[in-house]
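Let the sequences and hints guide you as you build the complete structure.
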Amino acid sequence: MDLNLKVWRQAGPDAVGRFEIYPMHDVSEDMSFLELFDVLNEQLETRGEEPVAFDHDCREGICGSCAMMIDGRAHGPERGTATCQLHLRKLTDRETITVEPWRAAGFPIIKDLAVDRSALDRIVEAGGYITAPTGAARDANEILVAKQASDAAMDAAACIGCGACVAACPNGAGQLFTAAKYSHLSLLPQGQPERFTRVVSMVEEMERWFGSCTNHGECEAACPKEISVNFIAMLNRDYVKAQFKNPALSGQRH
Amino acid sequence: MKTLQDLTKTSDDEAVGSTRRPTNPIRRFWSSAVGKKWVMAVSGLALLGFVLVHMVGNLKIFLGAVHLDEYAEWLHTLGEPALPRTVVLWGMRLGLIAAFGLHIVAAAQLTRMNHKARPVRYQSRRDYVAANFASRTMRWTGVIIALFLLFHLADLSWGTTNPDFVRGNTYDNVIASFERVPVAILYILANIALAIHIFHGSWSMFQSLGWNNPRWNPIRRYFAVTFAAVIAVGNISMPLLVVTGVVGK
Numbered sequence: 001m002d003l004n005l006k007v008w009r010q011a012g013p014d015a016v017g018r019f020e021i022y023p024m025h026d027v028s029e030d031m032s033f034l035e036l037f038d039v040l041n042e043q044l045e046t047r048g049e050e051p052v053a054f055d056h057d058c059r060e061g062i063c064g065s066c067a068m069m070i071d072g073r074a075h076g077p078e079r080g081t082a083t084c085q086l087h088l089r090k091l092t093d094r095e096t097i098t099v100e101p102w103r104a105a106g107f108p109i110i111k112d113l114a115v116d117r118s119a120l121d122r123i124v125e126a127g128g129y130i131t132a133p134t135g136a137a138r139d140a141n142e143i144l145v146a147k148q149a150s151d152a153a154m155d156a157a158a159c160i161g162c163g164a165c166v167a168a169c170p171n172g173a174g175q176l177f178t179a180a181k182y183s184h185l186s187l188l189p190q191g192q193p194e195r196f197t198r199v200v201s202m203v204e205e206m207e208r209w210f211g212s213c214t215n216h217g218e219c220e221a222a223c224p225k226e227i228s229v230n231f232i233a234m235l236n237r238d239y240v241k242a243q244f245k246n247p248a249l250s251g252q253r254h
Numbered sequence: 001m002k003t004l005q006d007l008t009k010t011s012d013d014e015a016v017g018s019t020r021r022p023t024n025p026i027r028r029f030w031s032s033a034v035g036k037k038w039v040m041a042v043s044g045l046a047l048l049g050f051v052l053v054h055m056v057g058n059l060k061i062f063l064g065a066v067h068l069d070e071y072a073e074w075l076h077t078l079g080e081p082a083l084p085r086t087v088v089l090w091g092m093r094l095g096l097i098a099a100f101g102l103h104i105v106a107a108a109q110l111t112r113m114n115h116k117a118r119p120v121r122y123q124s125r126r127d128y129v130a131a132n133f134a135s136r137t138m139r140w141t142g143v144i145i146a147l148f149l150l151f152h153l154a155d156l157s158w159g160t161t162n163p164d165f166v167r168g169n170t171y172d173n174v175i176a177s178f179e180r181v182p183v184a185i186l187y188i189l190a191n192i193a194l195a196i197h198i199f200h201g202s203w204s205m206f207q208s209l210g211w212n213n214p215r216w217n218p219i220r221r222y223f224a225v226t227f228a229a230v231i232a233v234g235n236i237s238m239p240l241l242v243v244t245g246v247v248g249k
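Chains as they are written, first to last, in this note's numbering: chain A, 1 to 254; chain B, 1 to 249.
Bear in mind the hints are in silico, worked out from the structure with no lab data behind them. Any given hint might turn out to be false.
Unchecked claim - Computed from the model, here is a short list of chain A residues facing chain B with C-beta under 10 Å:
#1 E95
#2 T98
#3 S150
#4 P170
#5 V200
#6 M206
#7 N215
#8 F231
Unchecked claim - Only pairs whose alpha carbons sit at most 20 Å apart, straight line, appear in this in silico SDA-like list of lysine to any residue:
#9 A:K245 / A:Q192
#10 A:K241 / A:Q192
#11 A:K245 / B:V39
#12 A:K245 / B:R21
#13 B:K249 / B:H67
#14 A:K241 / B:N213
#15 A:K6 / A:E50
#16 A:K90 / B:Y128
#17 A:K111 / B:N213
#18 A:K90 / A:V27
Backbone N, C-alpha and C define an ideal beta-carbon position, used for all residues, glycine too.
See the structure below:
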């Protein structure tokens, strides 16, 4: 198939960027979107031009490295799919495909399509962990967890931290990422001791970098793991609850 | 890396600083966007209640002048004889002013924050999937409602834009106002904006309050659609039926 690739080129963080159009001839429709960029970069290098910088790693949808705004949608038109698993056969209806980097204050552009997503790491550092003694793991069935609770925690834990939620959000909010990283711990017994300090520190860190959630739902639609906005409601609920929790009573069960 | 709060230098955030939040629990809650959204949901819920009660009361226009004027008078006497005349009414008015104030200030500050969160916009056209017309126009429908509210007060509370206004003659004042075609159109358009605002707001508030339960979640959308439709039909029926001459003197 033939198509035109319209790609955002920007030499560095403070450089002025612009779109370049690259005609791609006779590419296989079974290529993934990243393979299309591999082909383009080989052509560019052959011509002595600067290849397009873009992030990628596992190419099987689990690392969260790839990040492209494809025709106005984070990770392109295919639902529940990261850029690496988007195949050109899904895009046969298009003559020109426009590709832009994620755009958010918390995701400054490094070069071309590569952005710095370390703000997401700052949020996890603020509370996306549990404090547990090291050593041999406890028996898995020592703590009982309801099936529905562990399923929900697993749904949240599916987050690969790609940042598509922020990229897709009209407000540039990081609520779905934060909610996922918060919920996968706070829905389980092991996450309870730090639950209410965690929610406050993660939300406050999130708001240092990203906008506010107004419940559009674009994040859920863009998420390659289809993480639900239900987790955002849980995050909001616990943030408000945390305001009224007395930490001294947190050891009490009831 | 510059944080959003480095970029957002409002007087409120200057006190917040880039790493430290206020120690006063109320100020700290307000300094958070999640906190502000909670305030918007609670004030929005209060305003929804007001809008519904306001509509139900005003529909007495269809029962005639005696019923509407009697209802208007009753509002002034609420709380008597335990409290002097209009004390309860003024209490409710102050509550409404507070709800409107908090709702608008929070919205303005969050909008500012959201603009700072994406200083460089996407250079190609966005293809929205989930965001709808209502959710994306909240700040415009909100501004329209706020401006309309000022006109509405001038028209039917203060009488400044209504030459035939006579204080206390509620029914006659409303009829005299709605008989003017441009005014009736203004009321109808403003209520369409209100219904669109309510359609997103009365769903969104459940998320902001954290009222989320898989069993009940589908009901939230029905609630929003029904609430918006009831308010639209009820409120628009009044100027529409007066301007078309179905209801009048």
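**Prompt:** Where does the structure disagree with the numbered hints, that is, which hint numbers, in rising order?
**Reply:** 1, 3 and 17
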